[in-house]
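These protein sequence lines map, in sequence, to chains A and B. Numbering-wise (the working numbering), the first sequence opens with residue 1 and increments by one. Numbering-wise (the working numbering), the second sequence opens with residue 1001 and increments by one.
Be a bit skeptical, because a hint or two may be false.
[Stated by the list, open to error] Computed list of lysine-lysine pairs in BS3-like fashion (alpha-carbon distance at most 25 Å, straight line): (1) Lys1422(B) - Lys46(A); (2) Lys32(A) - Lys46(A); (3) Lys1338(B) - Lys46(A); (4) Lys57(A) - Lys1338(B); (5) Lys88(A) - Lys46(A).
The hints are simulated quantities; they were obtained by calculation from the structure and are not laboratory data.
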Amino acid sequence: MTFQIRSVKTWIALTGAIMLLISQATAQPMQKDAAQRIAELSSRLKNDAANEEQRDKVAGAIRQEVRNFVESSLSPDQSSDVLRQRLKAVLQTQTPDFEFSDPPVVRVAELRNGRSVVVSYSIVRPPHFDLPTIAAFRESNGRFAYAGSIGNDFEGFSLFTHEVIAPTKDVLWLLAGGRAFTFNGSKFQFRLYSFNGNNFETIWAPEPMFDAALQLLPDGFSVSHDDREHNTTVVEQYRTTLSGLIRVR
Amino acid sequence: MSTRQQWSLVCVLGISLTVPAIGAAQTVVTQLTLSGTTLPPGPLNVTSASNPIVAGGSVTTRQRYPLAGLGQIPDGSIIQEVRLVRISSGTFSPGIIRAGMRPLISNGTSTMQVVNGGPGPIAEPVFGDLLEVYGVDQYVVGGNAVFTQNPFTNQPWTRADLDTLMSGFWVRWYNTTSDPQSPQRFSINDFGIEVVYVPLTLTVSPPKLALSTGDTGRFLTTTADPSTASISPTFTAGITTNPNSKCLATLNYAANSGVGTVNSVVTATPAGCSRIADNVRANIGSNQSTNAARVVVPPQVMIKTIVGEAGGQPGDLDQQSILVVARNRFGDSMFGNKSTWQDVLVPGDFYGASDPTQNGPDRELSNATAVFTGEVGDIVAGSKCYWSPTFDQWQVVQQAIQLGTTIFPTNTGAPACWSTNKRQIVYKASIGLNQRGGNYQNAPAFVFVRQRQSNQPSAIQIP
Chain A
1 MTFQIRSVKT WIALTGAIML LISQATAQPM QKDAAQRIAE LSSRLKNDAA
51 NEEQRDKVAG AIRQEVRNFV ESSLSPDQSS DVLRQRLKAV LQTQTPDFEF
101 SDPPVVRVAE LRNGRSVVVS YSIVRPPHFD LPTIAAFRES NGRFAYAGSI
151 GNDFEGFSLF THEVIAPTKD VLWLLAGGRA FTFNGSKFQF RLYSFNGNNF
201 ETIWAPEPMF DAALQLLPDG FSVSHDDREH NTTVVEQYRT TLSGLIRVR
Chain B
1001 MSTRQQWSLV CVLGISLTVP AIGAAQTVVT QLTLSGTTLP PGPLNVTSAS
1051 NPIVAGGSVT TRQRYPLAGL GQIPDGSIIQ EVRLVRISSG TFSPGIIRAG
1101 MRPLISNGTS TMQVVNGGPG PIAEPVFGDL LEVYGVDQYV VGGNAVFTQN
1151 PFTNQPWTRA DLDTLMSGFW VRWYNTTSDP QSPQRFSIND FGIEVVYVPL
1201 TLTVSPPKLA LSTGDTGRFL TTTADPSTAS ISPTFTAGIT TNPNSKCLAT
1251 LNYAANSGVG TVNSVVTATP AGCSRIADNV RANIGSNQST NAARVVVPPQ
1301 VMIKTIVGEA GGQPGDLDQQ SILVVARNRF GDSMFGNKST WQDVLVPGDF
1351 YGASDPTQNG PDRELSNATA VFTGEVGDIV AGSKCYWSPT FDQWQVVQQA
1401 IQLGTTIFPT NTGAPACWST NKRQIVYKAS IGLNQRGGNY QNAPAFVFVR
1451 QRQSNQPSAI QIP
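Make a model of the complete structure from these sequences and hints.
Following this line, the structure appears as structure tokens:
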């Protein structure tokens, strides 16, 4: 009996492994195709840099490619590491200047409304039209389904994201910041988003800050920035609590 | 019938104009012409047909002809004298008659007669008058009368007086025969009415007036020569341009009067609009200023930007350079293909554009004007972005300049323009140090960024 049970378990394990191998084997070409298409679209962005309409059109196509890939090729059963690696591979051509933006970041989390993946990346559009994207997908019927995005909140800005400790474990708090591209100086936009597996909610949306520096803290974050009107530096500190985000300084 | 029959004639003369040489504040003597063309040019020929010869000293017709003085004396001139002068030749035929003649002056209502050079009541000329014609080609030069003021009002002459002034003269002669000779023919040449005046010369200053649409105290000064002239100048403008602006301002010149010098406040509306008005001249009637001014109203957003961005910087170059950066973005598809100051100078790209300044502080107004008119060219080597580095960042930039490296340095604080392309830091040595102090002390107020080729250094210095 024990043997039988072991045999069944072994069989199940073997079957699972075989299925995973098969799915990976079929997924690899799809991943490669998606990466190839995104690479081709990216090259078009370089050629059509001066054409604003074309820039937007191609950026939209890249976003759609990423969405299609996540929805059709990624399985919620896959580990977080595998999901990250596969998405990064697809977005390998979207690597902005490190001084201004993060490389593509994939976050996988078990959230209130199910297992979710949040993808943040910048579509590189020369010479300074990178288009930040934060999109989220939730498990649905054995697949990931598009749940929502922050839209074009960061259009005209670069993009850095940091996970901030959330009040509860079933939501993801994502602190996004970016620097304005054609601003003469250093102007930052910050947003704190909460994602519960269903939709994004904006928790914090301050006015743009000049010469800002962000510091992550165990219970929140602080941001120092230049108050040009009063020619002084302002430090704001925020703490995440069960009641939400509270400014403590 | 008397053997010494008297004939009288009132005749009127048309005189050609001699164009005077006009010089500033110099007295000018000019001859006036009659208005209209009722008399033929050249010597006046009076016959019974056209101008009756009246016998017996009984004057029944006194035709008087107004002078077109108003248009012949420049507006604003100070009239010093009106002279009835210069009968230089005359004939009378048949030539056996002696005659006397007196010039007449009339204001259209009253008439005065010049008697031996001075005004007097009208009466028949008498034999022995200073101005006499004796016969064929026998005459004396005479008729001079000088009026230093209007003899009817006893006030200084005005230009309007010259249009009401009428002139003629009365001739009487004796027929030495027993029978009057009719028709008689009397002819004289070159009767002149001279006006002595000091022409008004106007100048306008300053040569360039800059103003903001929020300014209410900037003015053009009109100066009259002679300085005793009362003037109420108006203004006209020539060519208007409005480069790279979304709306055209209207200029308003406030009416003002004064003696010698008048300040006329110039304002511009609507707020934020702009204009370059060239060949702006002060006018007194048709008399225009001998020089012209340029009135420049830069778009208010240019002033706002440099007040907000570089208001504390002492150097004009500091302020001008950031506006030149903005101008360098015109028509560049990488910066939105914009073509107006209002579209380029937006708070999203230029911090200072959100400044609330509504008027034109002197230095900012002057610098905005210099860039708006193109007086200041591309002083930033084609740069389209800039930033204010801290001292630490400035040290990084300096090192890159010294090394001549093609690798773009990090931690310079440079803006994200061309963040995914090759770009170059341009340090303009004539830009002053940042006046903010603190972390910015001893660093230039602005350092610029432009695109480059991959083999060019990542940081350079220009004068």
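Verification of the hints:
1. Lys1422(B) - Lys46(A): holds, 13 Å
2. Lys32(A) - Lys46(A): Holds. Lysine 32(A) to lysine 46(A) sits at ~21 Å (cutoff 25 Å).
3. Lys1338(B) - Lys46(A): Between lysine 1338(B) and lysine 46(A) the Cα gap is close to 21 Å, so the pair holds against 25 Å.
4. Lys57(A) - Lys1338(B): holds, 21 Å
5. Lys88(A) - Lys46(A): Between lysine 88(A) and lysine 46(A) the Cα gap is close to 21 Å, so the pair holds against 25 Å.
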